[in-house]
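Chains as they are written, first to last, in my numbering: chain A, 1 to 114; chain B, 1 to 112.
Calculated from the structure, these hints are not laboratory results. Incorrect hints may appear among the rest.
Computed footprint of chain B on chain A, listed as stretches where at least three residues anywhere in the stretch have a Cβ under 8 Å from a Cβ of chain B [as the list claims (entries may be wrong)]: (1) 42 to 52; (2) 103 to 109.
Chain B residues, not near chain A, derived (Cβ > 10 Å throughout) [as the list claims (entries may be wrong)]: (3) K13; (4) G16; (5) E82; (6) T100; (7) L110.
A virtual CB, placed ideally from N, CA and C, is assigned to each residue, including glycine.
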Amino acid sequence: AQSVTQLDSQVPVFEEAPVELRCNYSSSVSVYLFWYVQYPNQGLQLLLKYLSGSTLVKGINGFEAEFNKSQTSFHLRKPSVHISDTAEYFCAVRITGGGNKLTFGTGTQLKVEL
Amino acid sequence: KAGVTQTPRYLIKTRGQQVTLSCSPISGHRSVSWYQQTPGQGLQFLFEYFSETQRNKGNFPGRFSGRQFSNSRSEMNVSTLELGDSALYLCASSGGRGETQYFGPGTRLLVL
């Protein structure tokens, strides 16, 4: 079975500061990795995904993530956050060749303050 | 292209009733998956449908069921509602199995 750990339930940060949201996963088989964002009263929006190739993945809204196989991590970063980035962020994994089932972490609430 | 649509957006039911939620995938998408989101359990996979067949099922009781129609629209049904079924139910569609999933806005169900 797969599992995803997001150790930080909340991350407060000042506007224009850099941020890193941590994600670690556990799986006995090969997985794909995803970050989704959820704004209040909305569904999930895909930020970025790692399927193969370069371990540094760039996504929308200036976010990027780096896949580290040895540390089984997929941390999300943004060099300068904006108030509009305030939202909940979910890391997820999907087994390669295993259909569409996503296993999610518990989420990290990013709160950007002035 | 229009995104994934879910109806209704909000629903209030009482214990013991049943409910049906609907999901219309992005045009051309053939795969639909359902997830339950609660504050306590987070996001949990319910089931996945592709070409009208259930391909995968999460660890939920038999009260939770679903189906997919020939036009790829999907419904999920919860019978004999319990208070713990109060949640945001999210539907996601993709072109096929193993492809990127796009989520709808969800149906918020409140069971009283």
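Okay, the hints, checked on the actual structure:
no., hint, result
1, 42 to 52, "holds (count 6)"
2, 103 to 109, "holds (count 5)"
3, K13, "holds (20 Å)"
4, G16, "holds (28 Å)"
5, E82, "holds (23 Å)"
6, T100, "violated (6 Å)"
7, L110, "holds (14 Å)"
Hint compliance for this structure: hint 6 is the single one not met.
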